[in-house]
Every structure is written in C-alpha cells, then in structure tokens.
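K.L.:
Spelled out, the chains give:
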Amino acid sequence: GAVVSQHPSRVICKSGTSVKIECRSLDFQATTMFWYRQFPKQSLMLMATSNEGSKATYEQGVEKDKFLINHASLTLSTLTVTSAHPEDSSFYICSAHMPGTHDGYTFGSGTRLTVV
Amino acid sequence: AQSVTQLDSHVSVSEGTPVLLRCNYSSSYSPSLFWYVQHPNKGLQLLLKYTSAATLVKGINGFEAEFKKSETSFHLTKPSAHMSDAAEYFCVLMDSSYKLIFGSGTRLLVRP
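Chains as they are written, first to last, in my numbering: chain Y, 1 to 116; chain Z, 1 to 112.
Think of the hints as simulated: they come from the structure by calculation, not from any bench.
Keep in mind that this is a model prediction, so the values were computed, not measured.
Backbone N, C-alpha and C fix where the C-beta goes; we use that ideal spot for every residue, glycine too.
All the given hints hold, so there is nothing to weed out.
Partial list, computed: chain Y residues near chain Z (C-beta under 10 Å):
#	residue
1	V4
2	T32
3	F34
4	L44
5	T49
6	E59
7	F91
8	S95
9	H102
10	D103
With the hints as extra help, turn the sequences into a complete structure.
P.N.:
Right, dumping it as structure tokens:
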C-alpha cells in the first residue's frame, strides 16, 4: 500500500533556529501534498497545500515566510519552520494525495516539534 | 461551506460493549467522508471511507459507518470495543478542491 515517510519524528530546537521536516512518498508519486498542524488535544488544521513544481498555497492566517514549503520532486515535500519560537511547538503532519484517485490520501506519522 | 461536527469530545465505553461515535456534516454536494484513527503521537490511519457507493461502509478492525443523507450523518460504530480501540477518532470531509476538513475529534476511552 501507499506509504508516506515523515522525518524526523521528534525534534527539539532552540528559539531563533530553523527546522526542516521532510515528507516522502515511498512507493508513489505525489503531485500534491498537504501540511497540517495539530495542537495538543485538538484537531488537525490545514496549513498549506504543496504542489510539485509550483508555489505552495497557504491557508488564511498561516505565515508563508515563517513556514517555508518546498515540493521540488514528485516524492518529496519539505516544511521549514524558520526562526522558530516556543509558540511554534506543535505536532506537524503531512499527507500525500495519490494521483488518479478521487479520495486517496496517505498520512505521515507526524513530527513533534519542541522549541525551547 | 462544508463542515464537519463531531458531537462528542469524549466517549467512554466498557470493553466488549458497542461503540458509537457521532458525526454530522454539512455539504452542498454529495460528499466524500472518512473516519481516521490517531493513536498518541502517531499519524492517522484510515478506518473507512464513503464515496457515494454503498451507504453502509465497512472498515478495518470491525468498524463500520452508515451514511444517512436525510440526517446528514456518518456515525461510526463497532459492535464490541477492545482495549486497543482507545484512541482519537476524526470524522473528515473532502471538499470540492480535494482538501480534507477535519472534525474536532472524539477521544474514545475503553474501560476494562
């Protein structure tokens, strides 16, 4: 079945530094990937839609200069949290849409980011 | 606008008893609906999905859900809860641009 690998699973960084999270589709090519953020005991909120070879589409209220998304290949999308602050601490999850399907989505296992 | 409402933030059941997790949706077109499960600090696993085929959808681990257009509901059920079912469950609607809209989640607690 379709597998999406997300790394790292956990990361701790200092305030002011940048952190990159990778999302890879292992056995299919994903032209569209999605990045979500999940606060403790809350639901997933869509941050942005990542399209291979073009600029990401950000949801309202998401700072695109802070959350940089790159989708340079059909199997890899990255989310970089720039100049991280403690309030950026959260659980970030990616999802890939399977081409040719109407409703085929596969989720990564998530990344727990802690900014100290 | 499309939306999803999960009516219970927490549901507690005894092991071996039935599970009912409620979900209502709002959509101007025939929706695609999903149920996902999330264990602590993990990603999401698809339990089942409805895409305008049979209204009773069977999923993994004994779960099923029934799409009721007249009630705009898509409740998740399981005849007999197992301890391993304890997790967070999300009802999800796919919108017209293929974005997923998540409900607020229901935490299922299973008592021994």
